[in-house]
Amino acid sequence: MAETVLSMNHINKSFGGVPVLKNVDFSIKKGSIHALVGGNGAGKSTLMKIMTGVYSCDNGTVTVNGEEKKITNPNIARDSGIRMIFQELSLIPTLSVVENIFLNHEIKKGAFVDKKEMNAKAQELLDEIGVKVDVNKRVGNLEIGICQLIEIAKALSSAFSVLIMDEPTASLTEEETQNLFQIMRNLQKKGASIVYISHRLKEVLEISDEITVLRDGEVIRTDSNSAFSMESLIGDIIGKNEASDFEYIEREGQILDEVMLRVENLSWEENHNKISFEVKKGEVVGLVGLLGSGRTEIVEALFGIRKHKGTQIYVDGKEVRIRNVQDAVENGIALIPEDRRTQGLTLTHSIMDNTILPNLKQLTKGGFLHLKHCRQMSEECISEFNVKANGVNDMMLNLSGGNQQKVVIGKWFATEPKVILMDEPTAGVDIGAKTEIIELIRRFVERQKSVVFISSELSEVLGVCDRVIVLKDGGITQEIRRSTIHNEEELQHAVQA
Amino acid sequence: MLFKRDGILKKNAGFDITKYMVYIIFIIAVVIFSLWLGGTFFSLSNILNITRQTAMISIMAVGMVFVISTGGIDLTVSGIVPVAGLMAGILLEKTGNIFLAVAVPLAIGCVVGMINGAFITYMALPPFLMTLGMQFALKGVAMWISNTKAVPIYNQTFNNIFGYGSIFGIPVLLIWTIAFVILGFIMLRYLPYGRKTLAVGGNKTAAKYSGIDTNKIIIKTYMFSGFCAAVAALLYAGRTQSAKYTYGENDEMSIIAAVVLGGTAMTGGTGSIVGAFVGSMLMGMINNGLVMGGLGVAQQKIIRGLIIIAAVTLSNIAEHRKKKA
Numbered sequence: 001m002a003e004t005v006l007s008m009n010h011i012n013k014s015f016g017g018v019p020v021l022k023n024v025d026f027s028i029k030k031g032s033i034h035a036l037v038g039g040n041g042a043g044k045s046t047l048m049k050i051m052t053g054v055y056s057c058d059n060g061t062v063t064v065n066g067e068e069k070k071i072t073n074p075n076i077a078r079d080s081g082i083r084m085i086f087q088e089l090s091l092i093p094t095l096s097v098v099e100n101i102f103l104n105h106e107i108k109k110g111a112f113v114d115k116k117e118m119n120a121k122a123q124e125l126l127d128e129i130g131v132k133v134d135v136n137k138r139v140g141n142l143e144i145g146i147c148q149l150i151e152i153a154k155a156l157s158s159a160f161s162v163l164i165m166d167e168p169t170a171s172l173t174e175e176e177t178q179n180l181f182q183i184m185r186n187l188q189k190k191g192a193s194i195v196y197i198s199h200r201l202k203e204v205l206e207i208s209d210e211i212t213v214l215r216d217g218e219v220i221r222t223d224s225n226s227a228f229s230m231e232s233l234i235g236d237i238i239g240k241n242e243a244s245d246f247e248y249i250e251r252e253g254q255i256l257d258e259v260m261l262r263v264e265n266l267s268w269e270e271n272h273n274k275i276s277f278e279v280k281k282g283e284v285v286g287l288v289g290l291l292g293s294g295r296t297e298i299v300e301a302l303f304g305i306r307k308h309k310g311t312q313i314y315v316d317g318k319e320v321r322i323r324n325v326q327d328a329v330e331n332g333i334a335l336i337p338e339d340r341r342t343q344g345l346t347l348t349h350s351i352m353d354n355t356i357l358p359n360l361k362q363l364t365k366g367g368f369l370h371l372k373h374c375r376q377m378s379e380e381c382i383s384e385f386n387v388k389a390n391g392v393n394d395m396m397l398n399l400s401g402g403n404q405q406k407v408v409i410g411k412w413f414a415t416e417p418k419v420i421l422m423d424e425p426t427a428g429v430d431i432g433a434k435t436e437i438i439e440l441i442r443r444f445v446e447r448q449k450s451v452v453f454i455s456s457e458l459s460e461v462l463g464v465c466d467r468v469i470v471l472k473d474g475g476i477t478q479e480i481r482r483s484t485i486h487n488e489e490e491l492q493h494a495v496q497a
Numbered sequence: 001m002l003f004k005r006d007g008i009l010k011k012n013a014g015f016d017i018t019k020y021m022v023y024i025i026f027i028i029a030v031v032i033f034s035l036w037l038g039g040t041f042f043s044l045s046n047i048l049n050i051t052r053q054t055a056m057i058s059i060m061a062v063g064m065v066f067v068i069s070t071g072g073i074d075l076t077v078s079g080i081v082p083v084a085g086l087m088a089g090i091l092l093e094k095t096g097n098i099f100l101a102v103a104v105p106l107a108i109g110c111v112v113g114m115i116n117g118a119f120i121t122y123m124a125l126p127p128f129l130m131t132l133g134m135q136f137a138l139k140g141v142a143m144w145i146s147n148t149k150a151v152p153i154y155n156q157t158f159n160n161i162f163g164y165g166s167i168f169g170i171p172v173l174l175i176w177t178i179a180f181v182i183l184g185f186i187m188l189r190y191l192p193y194g195r196k197t198l199a200v201g202g203n204k205t206a207a208k209y210s211g212i213d214t215n216k217i218i219i220k221t222y223m224f225s226g227f228c229a230a231v232a233a234l235l236y237a238g239r240t241q242s243a244k245y246t247y248g249e250n251d252e253m254s255i256i257a258a259v260v261l262g263g264t265a266m267t268g269g270t271g272s273i274v275g276a277f278v279g280s281m282l283m284g285m286i287n288n289g290l291v292m293g294g295l296g297v298a299q300q301k302i303i304r305g306l307i308i309i310a311a312v313t314l315s316n317i318a319e320h321r322k323k324k325a
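Heads up: the protein sequence lines correspond to chains L and D, in order.
For the first sequence, my numbering gives the first residue as 1, with consecutive numbering after it.
For the second sequence, my numbering gives the first residue as 1, with consecutive numbering after it.
Here chain L stands alone, though its shape is the one from the complex (with noise of 0.2 angstroms):
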């Protein structure tokens, strides 16, 4: 029986009066990988944020290797050897290498700093990790796979007991991803204890010793990864019971022989490979291929922020010129971008300020704005796309991932567009919202209308599209009809070929 490296018991927090951690034991063995589960909202990351002392807990205890602690704040949860890699990397890009792993703890020779030793030892943390890289280089010009491994070194600079792991694999390729799994068992063999939090139930029931499910604040259960199946897990998770990966539904509206959109010739600054395809009236076709194949390119470049040339883009017959976004807007194009924090949404402003601002011009009568019809709009929203909110004042950093995205979706949805270009929709929301979002996407074209669709996950892409557009290297490799794929691994292949 290994020894528990720390345990939390008890532990409540609420706030403003409503509980989000309703009495959580957690506890993390010595050696092992513990994954978090849960829903968004859930309570995982404010469970973390108790743990490395950001927030402080209404009631409850924590040990740490025996003895408990008062994590009033993130110093405390430092010297008792805490380390939490952030979702958002926290690495400063206009530092080199060497000195965002040793920020605000240089090494020191006298007064100053030890450049040689830091470099000795900078290199020496990410030898052991097998990463390539100057450390003199400025991590703003690095690629975000090798920033992940840099901030892991960086937790390694300095003893520790316990890694927080906050969706590490969300922007890694698979061959990244696998490479980070061997670390992470290396770092095991040493015996660190890992909590690794993520939404990707494969890795987690992969990589992880034990598993801890949330749900709504509390506890659902907590076992050995034998335990679980992916069923068993998910059924945990959205608390069905019958739960199984997205299948595809015959739609009620058909695929009309009318194209709705067809682009041909598509070529951008890097890229000559003189893309074409077409998109009929309530047609799903899913754009997939690895990082940097080119997916999300050719729908930056059909809405206008990327430059492209020689393109004739077609939208319902009408051959159509787009130079900016406005001119993809007019001609009925949306587009869900891949960040919704930092493409889809201002955070800081309220549903409502989000939901109107490409719907302004519908929304102003005789030069001013329709207050009445604006809150219409975002109620509407709030409503139509279950958004889980107070009202339409809510600020947006109040709400969880999923709920973000909903309203991002909203807010296109509102603009009647024929085509909707979807970029990794489902991208760090929970199961939940996921299955919602493939919903909307459904009843979307049901109504005669068209979307392209990006995502990583390709359960998601065979649950919805109707036909799968394969790109390696920023050309179309392959072209298949969602009938002809049984699985989900003959597509695996197709993106790996």
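Honestly, I wouldn't trust all of these hints.
As the list claims (entries may be wrong) - Subject to a maximum C-alpha distance of 30 angstroms in a straight line, what follows is the list of computed DSS-like cross-link-like pairs (lysine-lysine):
{"id": "1", "chain 1": "L", "residue 1": "K307", "chain 2": "D", "residue 2": "K220"}
{"id": "2", "chain 1": "D", "residue 1": "K301", "chain 2": "L", "residue 2": "K372"}
{"id": "3", "chain 1": "L", "residue 1": "K309", "chain 2": "D", "residue 2": "K208"}
{"id": "4", "chain 1": "D", "residue 1": "K149", "chain 2": "L", "residue 2": "K361"}
{"id": "5", "chain 1": "D", "residue 1": "K208", "chain 2": "L", "residue 2": "K307"}
{"id": "6", "chain 1": "D", "residue 1": "K220", "chain 2": "L", "residue 2": "K365"}
{"id": "7", "chain 1": "D", "residue 1": "K149", "chain 2": "D", "residue 2": "K301"}
{"id": "8", "chain 1": "D", "residue 1": "K94", "chain 2": "L", "residue 2": "K318"}
To be verified - Here are some of the chain D residues that sit facing chain L, going by a computed Cβ distance under 7 angstroms:
{"id": "9", "residue": "Y190"}
{"id": "10", "residue": "P192"}
{"id": "11", "residue": "A199"}
{"id": "12", "residue": "G211"}
{"id": "13", "residue": "G269"}
Simulated from the structure, these hints should not be mistaken for laboratory data.
We put the CB at the ideal spot given by N, CA and C, even for glycine.
Chain L is fixed; fit chain D onto it per the hints.
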């Protein structure tokens, strides 16, 4: 309604002290000065006096709210004031045509703002440097076209409309101020343009991804700020019946202080016209109170500086508390 940060509606619809901080500080200042100086301070004539003295700052603050709420800053206003004022004076002297003497300065304000905005957006210049450079250049122009001499204005119609006269006992300066506060309030809250401005300041990328021409919006904010500065120039000219290259000197800092005191964040994304107006009145009241209290110029400056720091500190403390809660 009046006391909301226009446009940005926050969670917790209940009482939110940070939104009202500038008003609370304003009331505290009124009470302190009234106790110190007695009835003379709180008399109608002195209050009217304060609004007259702060009219130009208040009007320019309306324009500045738009610039700052996009995350920008406009230091050029104190360069536009002397140039626009002198143009009005010179045109009145040479042609006697009031229409020209009003239209040309206003056009100058807009064009200068457009140039500022164009460089800031298309050439990606930092707003601080661009508008500072333009301020220097315009101050030079003002000295040059006036030969550093004051230009007297004898046209009484002009002087009456802009600054000297009053309607039903209400000074025109007050009327101009209120008109601009209402205009700014409506623009920010009830026009699509206001929403777009706040959206650009809140998250420029998201605004662009929502189909907003962000460059156009930003350029318009500098144009409007320039326009407001030109109006202020006419009021300076009318009020003093003259124009001089020193008019408007250092105004930009008072304006920025008023806007920020009023609850408009320098990082962009929020804006409050009414708050800026109250902030401007607060500054004017402090100036007035200190003069009436018999303090010397040096002491006035010291106290004014400290009060600004104290006021912003107070509202930041309240903001911080709220975030922690």
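- Query: Regarding the pair K94 of chain D and K318 of chain L, is the alpha-carbon distance no greater than 30 angstroms?
  - Reply: 59 angstroms, violated
- Message: Need the status of pair K301 of chain D, K372 of chain L: alpha-carbon distance at most 30 angstroms?
- Response: 47 angstroms, violated
- Verify the proposed pairing of K309 of chain L with K208 of chain D, using a straight-line Cα cut of 30 angstroms. Holds, at about 21 angstroms.
- Message: Hinted pair, alpha-carbon criterion (30 angstroms max): K149 of chain D, K361 of chain L. Please report holds or violated.
- Response: Given that 30 angstroms is the threshold and the Cα spacing comes to 50 angstroms, the pair is violated.
- Query: Within 30 angstroms, alpha carbon to alpha carbon, are K149 of chain D and K301 of chain D?
  - Reply: 27 angstroms, holds
- Message: Can you verify the interface hint for G211 of chain D: is its Cβ closer than 7 angstroms to any Cβ in chain L?
- Response: Constraint on G211 of chain D satisfied, holds at 4 angstroms.
- Message: Using the nearest Cβ pair, does Y190 of chain D come within less than 7 angstroms of chain L?
- Response: 5 angstroms, holds
- Message: Hint check: K307 of chain L vs K220 of chain D, CA-CA at most 30 angstroms. Holds or violated?
- Response: 25 angstroms, holds
- Message: Need the status of pair K208 of chain D, K307 of chain L: alpha-carbon distance at most 30 angstroms?
- Response: Roughly 14 angstroms separates the two Cα atoms, so the pair holds.
- Task: Please work out if K220 of chain D and K365 of chain L have their alpha carbons no farther apart than 30 angstroms.
- Result: Given that 30 angstroms is the threshold and the Cα spacing comes to 21 angstroms, the pair holds.
- Item | Hint status (Cβ of P192 of chain D to nearest Cβ of chain L, threshold 7 angstroms) | Because about 4 angstroms separates P192 of chain D from the closest Cβ in chain L, which is inside the 7 angstroms limit, the hint holds.
- Task: With a cut-off of 7 angstroms on the beta carbons, see whether G269 of chain D makes it to chain L.
- Result: Status holds, d = 5 angstroms.
In this structure, the hints that do not hold are numbers 2, 4 and 8, in rising order.
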